[in-house]
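**Q** All chains, please: the whole structure from these sequences, using the hints.
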Amino acid sequence: MIKRTILLVILATLILARTSYAQTQTSPDPCNYLYSALQSTFGALSTASTYKGLIGYSMLIILSVLMIVAFLYAIGMAFKINSLISFSRNEILENVLNFILILFVAGGIAGIDGVVIGIAQFGSSVVSTNQPSITNTASLYHSTCEYYYGDAFGEISNLILLAVEIFAISIASSIRFNLMPNGFGVTFQPFAWLNLLSKMAGSFSVPIVAITGIELVNVYLLAIIYYIFPLFLYLGILFRTFPWTRAIGGALLGLFISFYVFYPALIYAISSITASPSMQALAQSIIKTHAITLQANFFTSSLTTSINPGLTISTIFSSLIIEYIGIIAIGGINTIGILISLVICFDLIEAFGDLLGAPSLTHGGVLKKVI
Amino acid sequence: MQECINSINNFLTAPYTAWFPITLVAATLIIVILAVVYLLAPLVGRDDIKRNISIMIYQTLFSIVLILAFGMFATWLCSFNAESLLQSLNLNLVTTIAPKNANLYETALYDLYWFTNYGALANANFFLSLVYYLLNIGPQLSLEINFIPGVQTLGFSAKGSFSLSSVLDSYIGYINDAISWLFIANDLQFIIISAAPIIFAIFVSMGLIARIFGFSRSFGGSLIALGVGIGFVYPLMVSITYGFINVAYYQLQNSIFKNVAVNTFGTNLQSALANLLTGKAILNFLTSTIYDIIDIAGFTATASLILPLLNFIVVNTFVLDFSQAFGERLDFMSLLTSII
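As you go down the protein sequences, you meet chains A and B in turn. No gaps in the numbering here: position 273 of the first sequence is 265 in my numbering, and each next residue is one more. No gaps in the numbering here: position 206 of the second sequence is 222 in my numbering, and each next residue is one more.
If you are wondering where the hints come from, they were derived from the structure by calculation, not from laboratory data. Yeah, the Cβ is synthetic: ideal placement off N, Cα and C, and Gly gets one too. Heads up, some of the hints might be wrong.
What the hints assert, rightly or not - Chain B stretches covered by chain A per the calculated footprint, using a threshold of three residues with CB under 8 Å from any CB of chain A:
(1) 260 to 272
(2) 303 to 314
(3) 333 to 340
Said to hold, decoys possible - Partner residues are not named here, just some residues of chain A that face chain B (Cβ under 10 Å, in silico):
(4) Tyr25
(5) Leu30
(6) Glu138
(7) Tyr141
(8) Gly142
Said to hold, decoys possible - Non-contacting residues of chain A with respect to chain B, defined by C-beta distances greater than 12 Å in every case (computed):
(9) Gly48
(10) Leu52
(11) Leu58
(12) Val88
(13) Val209
(14) Ile322
(15) Val335
**A** In structure tokens, the structure reads:
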């Protein structure tokens, strides 16, 4: 009876297990967490209503400053003090600009949504892309995160494949024939030279690890920008209302515009280009052509006179190069895309520094300082 | 952390309160001296001195206004309940070690402390050893064929071990070095935050006096900007950025454990049984653990490298622009570069 019960339980377990065998597993994806779960926690940081107090204070300060400046202008006109008149005029213009800025952001970051999406879609419109369409800033950040995270994990898969190849090579290199019947004789290890190939193949891990690292850092950097940088917009507006803190206000606005608006839009556009099938095929073919030329001109011809294992190593190694360069090409292009976007954004900071009167950002070589 | 909080409280209660009244007395004394010189100047027939002194008296009067303004700002800063404001924006992680009704300095210190000792950096340090073991896990293939049975030294053999450490071994050392440096960088930030109130009080007070005189006006502006930059903007940035990272990391950590469990056993009893019976659970557990550790590593690397850089860029920008507004252009990052 007990045996039957146990058998029944096992059978029931197997049936139950069988019915759900094909169930798909959820893969660990931080992008869903960063832009869905965290949205409920930090969503307020990128919502205009959170900062309505700051906007109110800014309006109040602008009105107060305008009243004082108008009074100064009147004194300047009455006593014919030209420096006071020009100062007052300048201040009135600055405060009018601040007023327009506040009106622009008072409606929320919805206004910025259009700019961000416009830049991103303009960049990606030149190619047919597999990227999902974007509807707002959050979806742009999410989509870019997914792309770079996916690529980073693709590189980790390449790393595992590389480990498998090194495994195969190490097995082949360890093959030995022992002819020592009485503990004395000879041992052949005919493929020991493959160890050299194993070392060479191991060197491919350097670019793969570098690309993975940069792409992963980019994923989390985007989240930091998305949640924290809106604070710079509102603080920038508040600081711009005081004459003494106007420059730092301009600098914060410059940081916000460059990194919140342009950075994700630029890397989305670049990833759209690299994600398009035609660009991927083109990159693969160009790299393969060059690698084959390299193999024909350098590796084989220069070693034809050398010993045979050397020639074999070089041929296999060059084939490995072709294979791996082809695999990591897209990740490499994306990494260069990130670096180019960063350079453009740091240049934009300087441009906005000029525009918004922030001397710290004007021709200050911000990029140079960071590097 | 308690030592740092004690040192902050000591600064806040003892020398800090004395600095602004002392500066006020010094400014008043300067006005009295200047007034005496102003009265004596016509007696010796030096109208030029009289003109210069009158400008200096205006500057001193303006400085008294600034001393009062900065004194009020400093009093507000040290009594301001930054913790509740940041908590209302979810930028402060509520734990048992969190200080209650903390000011800006205590909040910044707590955020930095949690990040280093309980949060992303501490866990990255802990998981490094786990990653090391995981990378060294792998099958070893050993094959031996003997021509004469029983005679092991006559035949054919092959051996190979599969582990990711064969590819990544040297990187573990680099990561270890990087984590040590990140700990040092965080400790340096602790020191800066602990000293921030006294830097604010001394630099701003000295700067306000220094900017009265024409020859030290630019130096005074620089001191004020440095004092406000390091004493106010830096702790504010640390509270915001590290508060965000701690809360985000805490949630990520919780989601990671849930994620590993879901990937290992599935979402219902049937899938749990299927995974256990087929042995898929072990594979799923290993892969999802490795992936999640890589996620934590990416998060920690970003937080440890980008946040100090971002905070320093903002402080540098502030000091540069504010010092120019108050007297002199001072490039804080160039100053740092020159020292380093």
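**Q** The structure should be examined with respect to each hint, and the outcome stated for every one.
**A** Verification of the supplied hints:
1. Using a Cβ-Cβ cut-off of 8 Å, 8 residues of the stretch 260 to 272 of chain B lie near chain A, which meets the minimum of three, so the contact claim holds.
2. Counting residues of the stretch 303 to 314 of chain B whose beta carbon lies closer than 8 Å to any beta carbon of chain A gives 7, which reaches the threshold of three, so the coverage claim holds.
3. For the stretch 333 to 340 of chain B, the assignment as covered by chain A holds, since 6 residues bring a beta-carbon within under 8 Å of that chain's beta-carbons and 3 suffice.
4. Hint on Tyr25 of chain A holds. Least Cβ distance to chain B is approximately 5 Å, under the 10 Å limit.
5. The interface hint given for Leu30 of chain A is met, as the beta carbon of that residue sits about 6 Å from the closest beta carbon of chain B, less than 10 Å.
6. Interface restraint check for Glu138 of chain A: the shortest CB-CB distance to chain B comes to about 14 Å, outside 10 Å, so the restraint is violated.
7. At a threshold of 10 Å, the smallest CB-CB gap from Tyr141 of chain A to chain B is about 9 Å, leaving the interface hint in force.
8. Annotation: Gly142 of chain A was flagged as interfacial toward chain B, and the flag is violated, the nearest CB pair being 12 Å apart, outside 10 Å.
9. Even its closest Cβ contact with chain B, about 16 Å, leaves Gly48 of chain A beyond 12 Å, as expected for a residue assigned away from the interface.
10. Against the 12 Å criterion, Leu52 of chain A stays outside the reach of chain B, whose nearest CB is about 18 Å from its own CB.
11. The Cβ of Leu58 of chain A sits about 20 Å from the closest Cβ of chain B, beyond the 12 Å cut-off, so the non-interface label holds.
12. For Val88 of chain A, the condition that its CB be more than 12 Å from all CB atoms of chain B holds, with the nearest at approximately 21 Å.
13. Its beta-carbon lying about 5 Å from the closest one in chain B, Val209 of chain A breaks the requirement of being farther than 12 Å from that chain.
14. Look at Ile322 of chain A: its CB is around 19 Å from the nearest CB on chain B, clear of 12 Å, so calling it non-interface holds up.
15. Residue placement check: Val335 of chain A keeps its beta carbon more than 12 Å from all beta carbons of chain B (closest about 16 Å).
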